[in-house]
Structures are given as structure tokens and as C-alpha cells.
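Following the hints, complete the assembly by docking chain P onto the known chain D.
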Amino acid sequence: MRWSLGCFFTVMISAAAANGEPAPSAYRNDEFGIRLTIPGDLRACVAQPDQHDSGMSMFFQQTATCGEFSTQRFVGVSLSYNLTPDTETLTEFAYRTCHQAPGIQCRAAPNGLSIPGAGGIARRLDYPNGWVDIDVMAQAWPDVKNDPKKPFINYEITLHTTPAFLSRDLSVLRKILRGVTVWSPL
Amino acid sequence: MGTDIFAVKRAGATVVFCKRGACKTLIQFPFSDVNAAQKHWRISITSFRGDSGAIEKLRKLYAAVLEEHPTGHLHDWQLFEGLTKAVNDGRMEAYELSDRDKSFLDRYYNSVSEKASTFDVEPAQVLGLASESGFASAGTYLVTGDAFGMTGGSTAHMTMAGGVAQNVEQFFSSWGERIRGTKSNTPLFLNRLLGKDAAGNDAKGELKYNSASPGWRKEREDGINEMRRAIPIWLMLQGLDPG
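Residue numbers (this note's numbering), protein chains in the order written: chain D, 16 to 201; chain P, 17 to 259.
If you're looking for bench data, these hints aren't it; they were derived computationally from the structure. Careful, some of the hints might be misleading.
What the hints assert, rightly or not - List of simulated lysine-lysine pairs, BS3-like, C-alpha gap at most 27 Å:
#1 P:K199 / D:K165
#2 P:K118 / D:K164
#3 D:K164 / P:K234
#4 P:K118 / P:K234
#5 D:K160 / P:K234
Looking at chain D on its own, in the form it has when it is part of the complex (with noise of 0.2 Å):
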């Protein structure tokens, strides 16, 4: 596809609320290859016009500060292209993931996590300040201008919360990985 002006735009699009509940939006990025839905009762951070967009965060709390990940309960996605071997494989990135700060225990995650349309790997990580990250990773399509036998693109959907909220909150990852949908941007 060639690039335009208009075809690498952050989307957000609010649907119609329905039954008194919340109504759930979009969040798409065609740099990177990317839709989901967004529940209604999450607050959305995406990136601002003068940010890159790189992914956004679902926090659980509609008065969460947009930006603050340590010390609040999200579901976040990050997008980033595959460049270094410290993310070569998808074993390296789960690696890399885990090592990101001291003291991390990793261990697997629960089962049934996975990015549709590109698979992954899935990690639990458990922070020495008791916050708990289930990771879920995953890379895709052709780095044609590199090197075609890896992967080009990073993608990375965290749900960052505590061991309280584990059960609840993991079955909201589970409804966000569902409405995912990826696609080739190159």
C-alpha cells in the first residue's frame, strides 16, 4: 500500500450506546496494522497530535491519568516495528518482555491467550511491588525491506494489574484479544 496523508490516522470511533451501557469504540491504526474495540466502561488514552502513534491504553478507572501505567490498573497495546535481535524472534521478544526491569518473576500465563490473525506467546510477569502484567506478544509480516525472513512489526497487548483484580481483569483481556484484528500494513 502507498502511504498518504490520510490512510495512517489513529481512529476512534464511538458506536451508538445501547441498553443504558457504556458505549464501546474503536481504536485503529493502519501504520501498524491494527483494530480492536474498545469496552465502554474503560477509560481510552491514545496518542496526542503531536505524538506518534505507537498504541494506547485502556485504563479501568474513568479517572486514571493517561500516561501513569506504574500505579493503575489498563489494558495497553503497544506497536512498534522488529529492529534489533533483542526482539529478533518471538522467543527473544518474550525474553526481553521479562527482563524489561529487575526482579521480574516470569512465568506462563494463563491459557487461551493469543492475538487473532497472528498468533503469540503469552507471559505472566510478576512485579517485586506485587503489580502483576499478563503479556501478550506477537510478531508479523515480512521485513520485505531487510530481511523477508523476519518479522517486521511488534505487537503487544498488557494487562497491568493486581493480584485482586487478576481474575476480573484478565477476563477483560480475554474480550479485548477477541475483537482484535491485524492486517498488513506494508
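Leaving out everything else, chain P in the frame of chain D:
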């Protein structure tokens, strides 16, 4: 994993050893015996990965160097032993400068390096931010010419760059004061861009380079580390001393 590299170069066939971004020339061969078919006369990553033959070849080359120059290499030799063992044990991987990184550094290194010295910041940190654009190879960059991810999703705030020099100038004009004096302190560099204080706490009212993606910090750390691996090799290819 990921912080150690070595590379071989023509014209003296240099082996460089880097640890956590600090590089030193490990061996300088007085002759070239690397594969002439390899671009830039480097030993490819595949020939090093788990291939004891390539390591043995280097070992023989170095033995020949010692024979020619019997003094002054003992320390390097010991390091080389450790290096080869680490590679053979799978604890360390060879690193190869990618065509993408080379192309990016060909275009951006000199402009960024010059401005970075003015602001007392390590060039690799600024260059690493360009992982936002696949090191000036993909996505919004192809439309805007902005490699550093200053480009948003609104035409009203679009950062358009007419060329590398203008793009670098835009970055330092917008963010230079924020990162001034961060030297090689990557946590501090990223905290400043994210509008946080040195301890990582939110500084109220500060503009943020990114406030939406929770993976932004990790991804930029990876970009910066990539540049710290790539720059010494790129400098060698320019005939410059990476040390």
C-alpha cells in the same frame, strides 16, 4: 544478551568488543583474511552463530598476529579467549550492522552527532528514538520525513521535514532543552522526554513525548541499544575510531 558485540572490518580487520555501550578495539589484524565476498568485509552473523569454524579462523589469525608482533597483545588475547568462549557457549551473539541501520546512520549520524554534542547528550540516545520510524524506513516517516516520532495523527500538528538537517533541527528545537545534559543516562533521558522527574514521578503539566503506549519506554531503550551496537561498527566503516 544484547549488550556485547564484536565485528570484523577490512583494512586492518578490526575486532571491536563492546560491553554496555562502551567499546574498545580488541584486535587489529595487520592483514585481511575475512570473506571478501561479504559486504563491508565482515564475517556474517550466520558464520559466527554457533559456528566454531569461524571462531577458529579468528583464533588462527590472531595467532599469526602474535607471531608477527609477539609483544603487547596479552591482555587482548585473554579478552579474546573469553569472547570466543562466550560465543561458543551461546551466552553472546555476534552482531552485524544491518543495511537499514547503515542507511540510517549514513543519513543521520553526522547531523545528530553535531547537535548532540551541543546539548551534551549521547548521539545514540537521540538516534535510538528513530526506532519510532523503523530507523527512517517505514510508516509515517515515508509521508512526513520525520524519523523521530514527533508526528501525530492530525494534519494540524503534522511534523513535516524537508530533509535530514531540518528534521534534526526540529527535534532539538522541540526537545533539546528537555534532554540537555543527560549524557549517556538513558533512564534520565527517557524520563525527561516523558515529562517525569529523575525518580520517574510525573512532573505535572509537562509535555510528554508519548502518553498512550505503555511499551514506549522499553521500545526506545531497544532502539537506543541498537544504535549503541551499530554506531561503533558504522564508525569503523567510515575509517573512524569507535573508541
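Against the structure, the hints come out as follows:
{"no.": "1", "hint": "P:K199 / D:K165", "in the structure": "33 Å, violated"}
{"no.": "2", "hint": "P:K118 / D:K164", "in the structure": "19 Å, holds"}
{"no.": "3", "hint": "D:K164 / P:K234", "in the structure": "24 Å, holds"}
{"no.": "4", "hint": "P:K118 / P:K234", "in the structure": "23 Å, holds"}
{"no.": "5", "hint": "D:K160 / P:K234", "in the structure": "24 Å, holds"}
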